[in-house]
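Asks: So the chains spell out like this:
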Amino acid sequence: MPFKLFTNKDSNSEQQIINRIHEGDEQVLEVLYKQCFPMISKMITHNNGTLEDAMDIAQDAVVIFWQKAISGTLVMSSKITTYIYGIGQNLWLKELERKRKFQFQKKDRHEYIDTETKERDKIIIECIDSLDKSCRDVLIHYYYDEMSMAQIAERMGLKNTDSVKTKKYKCKQKLEELVKSRYSESDFLD
Amino acid sequence: MEKFELIDDYVTNKLEKSELESFEKAILSDKELKAEVDFQKSLIEGIKQYRNFELKAKLKNVKVSTSIWAPRPLIFGGLSLVATLLIIYFFASKPPTPTATLTEQKLDSTAIVQKNETPTKKLDSESHTVKKVVENQKISIAKEKAKVGIINLQAQKPTLKLADPLSDTTQVVEPKIEEPVTVNKFENTIKPKTEVIVDNSQKKYNFHYQSKNGKISLFGPFDKNLYELLEIYGIDKTLFLYFKDKFYLLDMNQSEITKLVPIKDESLLKKLQGYREK
Numbered sequence: 001m002p003f004k005l006f007t008n009k010d011s012n013s014e015q016q017i018i019n020r021i022h023e024g025d026e027q028v029l030e031v032l033y034k035q036c037f038p039m040i041s042k043m044i045t046h047n048n049g050t051l052e053d054a055m056d057i058a059q060d061a062v063v064i065f066w067q068k069a070i071s072g073t074l075v076m077s078s079k080i081t082t083y084i085y086g087i088g089q090n091l092w093l094k095e096l097e098r099k100r101k102f103q104f105q106k107k108d109r110h111e112y113i114d115t116e117t118k119e120r121d122k123i124i125i126e127c128i129d130s131l132d133k134s135c136r137d138v139l140i141h142y143y144y145d146e147m148s149m150a151q152i153a154e155r156m157g158l159k160n161t162d163s164v165k166t167k168k169y170k171c172k173q174k175l176e177e178l179v180k181s182r183y184s185e186s187d188f189l190d
Numbered sequence: 001m002e003k004f005e006l007i008d009d010y011v012t013n014k015l016e017k018s019e020l021e022s023f024e025k026a027i028l029s030d031k032e033l034k035a036e037v038d039f040q041k042s043l044i045e046g047i048k049q050y051r052n053f054e055l056k057a058k059l060k061n062v063k064v065s066t067s068i069w070a071p072r073p074l075i076f077g078g079l080s081l082v083a084t085l086l087i088i089y090f091f092a093s094k095p096p097t098p099t100a101t102l103t104e105q106k107l108d109s110t111a112i113v114q115k116n117e118t119p120t121k122k123l124d125s126e127s128h129t130v131k132k133v134v135e136n137q138k139i140s141i142a143k144e145k146a147k148v149g150i151i152n153l154q155a156q157k158p159t160l161k162l163a164d165p166l167s168d169t170t171q172v173v174e175p176k177i178e179e180p181v182t183v184n185k186f187e188n189t190i191k192p193k194t195e196v197i198v199d200n201s202q203k204k205y206n207f208h209y210q211s212k213n214g215k216i217s218l219f220g221p222f223d224k225n226l227y228e229l230l231e232i233y234g235i236d237k238t239l240f241l242y243f244k245d246k247f248y249l250l251d252m253n254q255s256e257i258t259k260l261v262p263i264k265d266e267s268l269l270k271k272l273q274g275y276r277e278k
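Heads up: the sequence lines are chains A and B, in that order.
Mapping the first sequence onto the numbering used here, position 166 (from 1) lands on 166, and the numbers just tick up by one.
Mapping the second sequence onto the numbering used here, position 254 (from 1) lands on 254, and the numbers just tick up by one.
The set of hints was computed from the structure by calculation and includes no laboratory data.
Since this is a predicted model, take the numbers as computed values, not measurements.
Possibly wrong hints are sitting among the right ones.
Simulated crosslink set (BS3-like; lysine-lysine; CA at most 27 Å straight-line) [to be verified]:
{"id": "1", "chain 1": "B", "residue 1": "Lys58", "chain 2": "A", "residue 2": "Lys118"}
{"id": "2", "chain 1": "A", "residue 1": "Lys122", "chain 2": "B", "residue 2": "Lys41"}
{"id": "3", "chain 1": "B", "residue 1": "Lys3", "chain 2": "A", "residue 2": "Lys170"}
Extracted from the complex, chain A is given alone in its bound form:
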């Protein structure tokens, strides 16, 4: 069933969106992005940003909203689009601040640490990417989507919760090995 554009005034539609996010319906992501892009774009292009900046920030804002909705940490006091616009505003303010600091400050230790952390994160992400899809899925469903073992079993067509538990354990172990082989343990454990 195609997902129709919703009207924000309809609170049922708002709840429907949250429900669909919980179901993992990624079409909602697209709809939200298309709805929020014009206003985020306007805000950014009027504040020293380009359209590319606007797309980047709008995408991040929608993804952050998605993550919050998934994790149940979402406290809604406004319409979804307004909420996402607010996230976009904060992200752009941070970006402007980062650019300002980058312009006026020399590289210092903090930046060195940031670079090191980024490098570590990059290795982990590359290792996750090298896992097979079922491993990635089970880890994402468990750690990102915060699904229960039963939900994962149903979603992935596994026999039971024990199967999920075992698969998750093995996949996590595999990931650890990959990461540790790419990066000396001392870098993580010091």
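Here the structure of chain A is known, so what remains is to put chain B in place on it, guided by the hints.
Replies: Chain B in isolation, oriented as in the chain A frame:
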């Protein structure tokens, strides 16, 4: 597996309060455990980042009409700004009218000619300005509209800034022209505006006028046809009414309701006609 689960439950906030307290104590005393916990946190953070990148990558493939959305507010904003400025400019150049409401169509029906930039003519001795005010007051709308209710409209033209060649309010003198000067409508400080009230409800006064508190009341069928007021500035302001091809003097000191009498002085009529045509 047990240790793995314990660490996993800790980093995913699934431990009970009592378990959490004892585990946190263990972390404080066991450096190796703390390092392992940090490593697990990094992995989970990495999984979350990976998923976010994955979702963002999906959005990167979504086409949003940047060429339409971005400039649209600029275009509309620009157009509305220009429109606003034009409206402000238009109304700022008009003397305020009490109930001026005018549509473009209705403006056409008044057959008003606007002269915003007319060269002025200067006198040797004294510069006067003729303010020609053309008013259309309470235009009766088409008959079918009248069935619903009479809509009274009052339209007042922006004043024309002309040099007044009159040295006297009652005597018209041919101006001596030095050189044409372009009028700046905002420079002129004389505000020609005499409020006119049309009253056609009194049978007794069917073609009369009255001056009261600086306002002119016209009694008669002035709402049926176009009339014009000519304000001529000399020592004092003198008002002339132009209605159905005739001129009438409106004495500003006439507080009694007085019958309108057409001016018959040929030379005065010629001058008034001349100013009117300007």
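Asks: Does Lys58/B pair with Lys118/A here, judged by a C-alpha cut-off of 27 Å?
Replies: holds, 22 Å
Asks: Measure nothing beyond the straight line between the CA atoms of Lys3/B and Lys170/A; if it is 27 Å or shorter, mark the hint as holding.
Replies: holds, 14 Å
Asks: Holds or violated: Lys122/A and Lys41/B, Cα atoms, limit 27 Å.
Replies: It holds: about 15 Å lies between the C-alpha atoms, which stays within 27 Å.
Of the numbered hints given earlier, the model fails none.
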